[in-house]
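Colleague: Line by line, the protein sequences are chains A and B.
Using the working numbering, read the first sequence as starting at 124 and increasing by one per residue.
Using the working numbering, read the second sequence as starting at 655 and increasing by one per residue.
Among the clues, some could well be false.
[Unchecked claim] Simulated restraints on C-beta separations:
# : chain 1 : residue 1 : chain 2 : residue 2 : range
1 : B       : Leu942    : A       : Phe135    : 41 to 47 Å
2 : A       : Asn285    : B       : Ser819    : 26 to 32 Å
3 : A       : Ser257    : B       : Val1122   : 26 to 32 Å
4 : A       : Asn137    : B       : Arg841    : 45 to 51 Å
5 : A       : Asp142    : B       : Arg935    : 42 to 48 Å
6 : A       : Asn285    : B       : Phe956    : 49 to 55 Å
Derived by calculation from the structure, the hints in this document are not laboratory data.
By construction, the Cβ of each residue, glycine as well, lies at the ideal position given by its N, Cα and C atoms.
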Amino acid sequence: MQVLLKEINKSFGNLKAIDNVNLLIEDGEFFTLLGPSGCGKTTLLRIVAGFCKPDTGDIFFGNKKVNNIPPHKRETGMVFQNYALFPHLTVFDNIAYGLKARKVSKQIIYSKIEKILDKVQLKGLEDRYPGQLSGGQQQRVALARALVISPQVLLMDEPLSNLDAKLRVGMREEIKRIQKDLGITTIYVTHDQEEAMAISDRLAILNFGKIQQIGTPSEIYFKPLNSFVAGFMGSSNLIKVNVIDYDPQKSLLETEVNGNRIYVKSDKISDKELIISLRPEWIKIADNESNKKVNCFSGKVINVTFLGSVLRYKVEAFKNLIITIEIQDPQFYEIKKEGETIFFQFGVDRPVIIES
Amino acid sequence: MLRKYLTIWNIIFLSVFIILFLSLIYPLFSIFKASFINPETGKFSIESYRKFFHYAYYLRCLGHSIFVSLIATFFALIIGIPFGFFVSRFHVPGKSIIKTLGTLPLILPTFIGAEAWLLLLGRNGLLYNLFHRIGIDIPSIYGWKGIVLVFALQFFPYVFLMVSSSISSIDSSLEESARNLGANSWRVFRTITLPIVTPSIFAGALVVFYLSIENFGVPILIGEDYKVLSVQAYNEFISEMGGNPSMAGTLSMILLFITLSVTVLQKYWVERKSYVMSSLRPPEVKRLKPFPTFFIWFFCVFIVSFALFPFIVVIISSITKTKGPVMYYGQFSLENFIKAFKIAPRPIINSFFLATVATIIGIIFGILVSYLIVRKKGFTSYILDVLIMVPLAIAGTVLGIALASTYNKGMIVLTGTWMILVLSYFIRKVPFSIKTTSSLLHQIDTSIEEASINLGVPPLRTFIKIIVPIMLPGIFAGAILMWVTTLAELSSTIVLYYGPWATMTVEIFQRIGSADFGPASAYATILIISVLIPLFILHRVLGKDLLSTM
């Protein structure tokens, strides 16, 4: 089922929770709403579920406008952040709840629940109460309960945030597997960018109720449209530079920051001032400074963090900027100490120009 | 569909307000009005207020009320604070029994406690006679001393419960960090523990003061010439000389002013000053050396026995051979019970019937109001939240007078029917039902409801299928509290009952008045058992502390 949100606006008092949002989610797509807390992502999800009425705008499921369909008739399956399992009902009755509301015959209820329990690997726990389950098991019950009614759209509101880190990774893979198996259109809300990249077909980044960028995880990671997205998706060095010259033959932009020349590949000439984004893992360590190489600089190490698979430097460079550099697989690498000088370099095709 | 749902709750909102208006606001307004009307001329007059502040007789009632309540509060603190500290901080043998028995006095009807002390120390009392025979005259139980004795012994559990729950909520890291910063244990107690507990002590003191000043049964039974406000208001209203509604209204307004002030003080001052802590590690329970442990144990056991002793006396008296006021202790007989059950079973049936009807209405009302307060947040539900706790701030006598003077004429006449008793019980006790259900509802996340709606069940059916079952323990606890406290209700019953609808409490009260102690004790014993059994069930089924919800 395709979901279309058209010019959705919603305010709570003076706070603009949703600011003119337009979204098209394809049939069978795993779509994620990603953003910091308070960005409006949950509100948007609740608008789709019908728990929240938008001030203006329309919601379509396929060709059907659902604005005026009350939540209990919208045929969405929602998984809540705290699971919202009915504490006085067993696992079986929790999952059967939506089917009973639809007056499905007993036989079909049994066979459907058997199938879904198989899918979420909860066989044998039918008679337990939610209080007797672990966090991960509760999560599966909540998922099964939402899926068993074969909803048109599956809605998930930070479903993994109450689980511990290890379980979270396992569960997100499982959710993805089940979603692909069933081919169900899914809208997923999270504030965890790693989770969002791992699980989504496409995602939308929200901030202050506005969509910042929509795209596949790799598009958003490699081509952030603005500094918010660049900073929110992974970490990034954002450097403000002045444009000096443009060479159309080489498609090369010559820029300057505090007397240092940075060359940036660009298809078009740009404004006088702009911000470039440089991911820490795109920067390489150079043996020594050679002025012939482009985009090679020196700096003073001010902080070293060893994380096992990654070595992270904070380097003071370009006079007074702090640049983060990450070295993958640092096993055979001589680790610099704080205060030492370091040389680093990056290709002209690395920096991403961000409209500032 | 959404529209329809909204209007259903709006209709409920409206009905709730109408019920509260008819049972609470309008009656209070009527006595307020009555207090300003000269009963002879029917015109506006401040005569009653002038009289009140002019005649020493009335002012003395006010003085008496305040005096006994202050002294009773003082003694309740003296007993309750160490009791609370001891049982929550130190190892005491048999602690859980001591704690349970220690809370019992506050649910046993105070006027039965008064009866017991009359049996012991009244004229012709057991101990009085005993001492008199050997030539010692012990001081009289009548007057303020007896009132204070009963109040202090029955109300100290409030202080003890509040103090001990506040102590248990202090995270042990607080005291440990104070020790770590160099404070010795006395200094820690003085600068950390005591200041944190102080608001609860104050809260307990206000509860005791309030209960003492609104009490009717104890001062009327053992006060004799020592008149307090509630008794005087009752006398003015009931007076065989035709009664003075204006003066009764005035006295009620003054009592209402005091009880409301205490409640407001409690709510807005103490609540703001109390420290909310989520205790991760409750303070360690210390094991003292044998001698101090024995001292603490002895103190607690002594207090509990002293507080429960009167009720044992009443139970023993109920199975003692009697002849009018003369008790033949040592000679057992079931005559009193036979009398109660065979000759006059009506009061027992009345009490059970009225309590049950009031409780059923209270449950339904309580569920709906809890839902409105917790879930339909807004200005109206805020008003409702405040309004619904007002009955807790009105003395039973005052509410009785208010209802009687409102519904004795005009469009709705309820005086002389059982319904006015149900109305009074309902409005007086429904806050219990609302408190217990709403505190449970607060813990139910809205997402539970949304999950049900999302799965295709409309809102109103979701309420019945999901919310009500989850609230069931709270509803059950509230129902038992309502039922039990209604059974023991005397102060408004005495104003509102008429002949055939006398309850057990009225029967006990009247038989004590005519020194017919045998049957009085039998009824009292039945009442004590009827109160204890449901609370025992509640304790067993829900594992709830006795009246921790009150």
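Colleague: Lying within 41 to 47 Å: is that true of the beta-carbon distance Leu942/B to Phe135/A?
Modeller: Taking Cβ atoms as reference, Leu942/B and Phe135/A lie about 57 Å apart, which means the hint is violated.
Colleague: Hint says 45 to 51 Å; check whether the CB-CB distance for Asn137/A and Arg841/B agrees.
Modeller: Roughly 50 Å apart at Cβ, these two residues keep to the hinted range, so it holds.
Colleague: State, for the Cβ atoms of Asn285/A and Phe956/B, whether the hinted interval 49 to 55 Å holds or is violated.
Modeller: holds (51 Å)
Colleague: How does the Cβ-Cβ distance of Ser257/A and Val1122/B compare with 26 to 32 Å: does it lie in that range?
Modeller: holds (28 Å)
Colleague: Is the distance from the Cβ of Asn285/A to the Cβ of Ser819/B consistent with 26 to 32 Å?
Modeller: Hint holds: Cβ distance 30 Å, inside 26 to 32 Å.
Colleague: Between Asp142/A and Arg935/B, does the C-beta distance stay in 42 to 48 Å?
Modeller: This hint holds: roughly 46 Å between Cβ atoms.
Going down the numbered hints, you'll see the structure goes against just number 1.
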